[in-house]
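Residue numbers (our numbering), protein chains in the order written: chain R, 1 to 507; chain Y, 508 to 710.
Because the hints were derived from the structure by calculation, they are not lab data. This structure is a prediction, so every number in the text was calculated from the model and none was measured. One or more of the hints may lead you astray.
With a straight-line cut-off of 27 Å between C-alpha atoms, the simulated DSS-like cross-links for lysine-lysine are [to be verified]:
| hint | chain 1 | residue 1 | chain 2 | residue 2 |
| --- | --- | --- | --- | --- |
| 1 | R | K463 | R | K499 |
| 2 | Y | K608 | Y | K583 |
| 3 | R | K296 | R | K418 |
| 4 | Y | K643 | R | K73 |
| 5 | Y | K643 | R | K14 |
| 6 | Y | K643 | R | K74 |
| 7 | R | K478 | R | K438 |
| 8 | R | K14 | Y | K608 |
| 9 | R | K463 | R | K473 |
| 10 | Y | K643 | R | K67 |
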Amino acid sequence: MREEMLRMERVTYKSQGETGLYNFSMTIWAGEILGLIPVNNYGLETLLLLLKQNLPLHYGYVYYHEKLINDWKKPGSGMNRISIIQNKSCLAKDLTVADNIFVLRPGFKKWFMQPEVLKKQLIPFMEDIGITISADAYVDELTTFEKFVVELLKAVVAGSRLIVLENIGTFISDDELVKLHEILRHYAQEGISFLYITSHHEEARQFCDRTAFMMNGQITKYFEVGDRTPDTLFLPGVADYDRWVRQQFEVQEEEGKSGAAFEIKSLYHGNLRNFSLRVEAGECLVIQDLDNGALKDLFSLLEGETQRSGQLLIDGEAVRPGKDRRLAVIQELPTETMIFHNMSYLDNLCFNMDHRFKRIWFAKGVKKSVAGEYGALLGEDVFYQKVEDLTQQQKYDLVYTRILLQNPRIVFCVQPFKQAEVSIRSHIWELLERFLKKGIAVVILAVNLADSLALADRLVRVKYGSVQEIYNKEDFIKLPVDTPWLYLYKEKYALEMEKQREKAKEK
Amino acid sequence: MLIAGLTSVSDMTEALASFFRYTISKVENLVSVEEELQNCETYFKIQQYRFGERLQLTIECDNEEREEIYCCRLPKLTMQPILENSIIHGTECKVGTGHLKIHLERTGSRLLIRISDDGVGIDAKTLADMNERLEKSAQAMSSQESETKGGIALVNVNNRIHLLFGEEYGLHVFSMPGIGTDVEITLPAITSDREIPNKEALS
């Protein structure tokens, strides 16, 4: 007899006149890993809120361990023993691993801590999952993956039987993801259930027992292991996206590239060892960090840190990132990290033009001219709005157009598709395409490939701080992982590969 | 007749008779899952006369729990109308073979039946409307809107479940265009009519 861990039966939740979830039904079995793929982000935040806390429902029933915990007629109260692990760490930075796992859990009543006892208590958990993290290490010293493991152990020790993992793939490398899947499978066999939220079904179907698609605050379909999962063509709201991707795919073939816009020669910095790279003007290069060791160092270099040794060149000349407008960086989650609420829209848009106009802050005429020129693209009304009132799409427009106005030779984008829903992802592509059409080289720094592959001309995979593999477009089908948009390359190049194999056999 | 796999008219007649006998007799009673499944298989045989090999049905149930599940009680004509919907609205419009599946599962307190097809599926707007009608089942019965596709059968079954067992049980539809549709029926796992919360609804 199967045991249900969670059942949400036709849940409708409204708050301040807005409907967060509507007629939402979901079942998670004990020991199951359920993949949840939100086609749009509508209702996702509400779902996580309701899992954590029993808020009054407009309609519906919520069961945990087959017990009714929330009912629209008799609202439940309090928190549930359900843990949610997201990109932002919930660990106390100034405490050790053992303190975070044991001391901070609900129900810990001791007044005096005994580090040796806590250390001994941690050992069996670490042995179970085959990971070694020092109990005395402070959270600040841990890698991203280690922090994640500590959060997971914290949830297990706290007695959470359902653990939600949100977009883990965006901050954990492919290698670490494999280890993570083994850990999740281990705990699933012990009866703990997982809700694995990811933007791509290719990632979910690699190891989830079932996957569920969520759209507009409802689960629309479940897929079991072995069921035919759709390519994106069947996903509602994505048909246009898929069509657009295919069109861009053909266009990229026609446009040629020329000249090296940017070069890195024999770089030693942090974890980077003898790292060399070359990017042509108008080229889209994706750098995938396989063990999550290099991205941070690359990013710190681009922010202005000086490298230990090696050269960074733009058009053959040495460049100092952070001080040279020929090199631009678009950070992760740019709508949160690169928009300044204490500045007007026009100031946000134009301040990167200071290398072209010395007194840009006072140059009203220049700003007015920019508004006139880009009004059709950005919308005539945005220039007078407060930046915090902009829609997500308008915010992306603002950041990317700022970089376009800067007119760099190369743009580095750090995980550009992270947390972006489908409609925004296609818009981000259009924005990146504008750079490429202008001859600006684009380098995407990614932990997982996600949507980057469809735009890429080349893929560089980095491990242990140096380049391990380079793939040209026609070699993408040889990639060892099932990744979004790979089917496009398989469609295009599989036939040619087959012909080459047959020729080789004949020889 | 050969296409359908029925070797004679008498087989078809017998199936029809069996189906009608089941349908018209004592509708107000609960039946066992086994009886309801037999009726579904009878109905399926009748449909196979029309579709032949284009239609396939699988019934899935854990072998160890089969006996327990088959003894559970549910309202008569719970599954067959949904199976009929799957054939008419899902599989009939599809090119190629249609695969239907009835999956049965049991927890400590619930019986879960999922009827799936790999037919044409339902678009997002229609799906949302359908589930909304199921949620507001009592109002939907008097609504003019219930004449749209798949509306009446599902609402009828849903209402009967609500009346007998309460609103926490019922139907929910999951679907994706081009992939197929799943109708999930949630019932209490009862083995005796005495366990029905609202016995008056039977009469």
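Each hint, compared with the structure:
1. R:K463 / R:K499: violated (32 Å)
2. Y:K608 / Y:K583: holds (19 Å)
3. R:K296 / R:K418: holds (16 Å)
4. Y:K643 / R:K73: The given pair, whose Cα atoms are some 15 Å apart, holds under the 27 Å limit.
5. Y:K643 / R:K14: holds (17 Å)
6. Y:K643 / R:K74: Holds - the C-alpha atoms of R:K74 and Y:K643 are around 19 Å apart, at most 27 Å.
7. R:K478 / R:K438: With Cα atoms ~31 Å apart, R:K478 and R:K438 exceed 27 Å; violated.
8. R:K14 / Y:K608: violated (36 Å)
9. R:K463 / R:K473: It holds: about 20 Å lies between the C-alpha atoms, which stays within 27 Å.
10. Y:K643 / R:K67: The hint holds at about 24 Å.
The structure shown violates the earlier hints numbered 1, 7 and 8.
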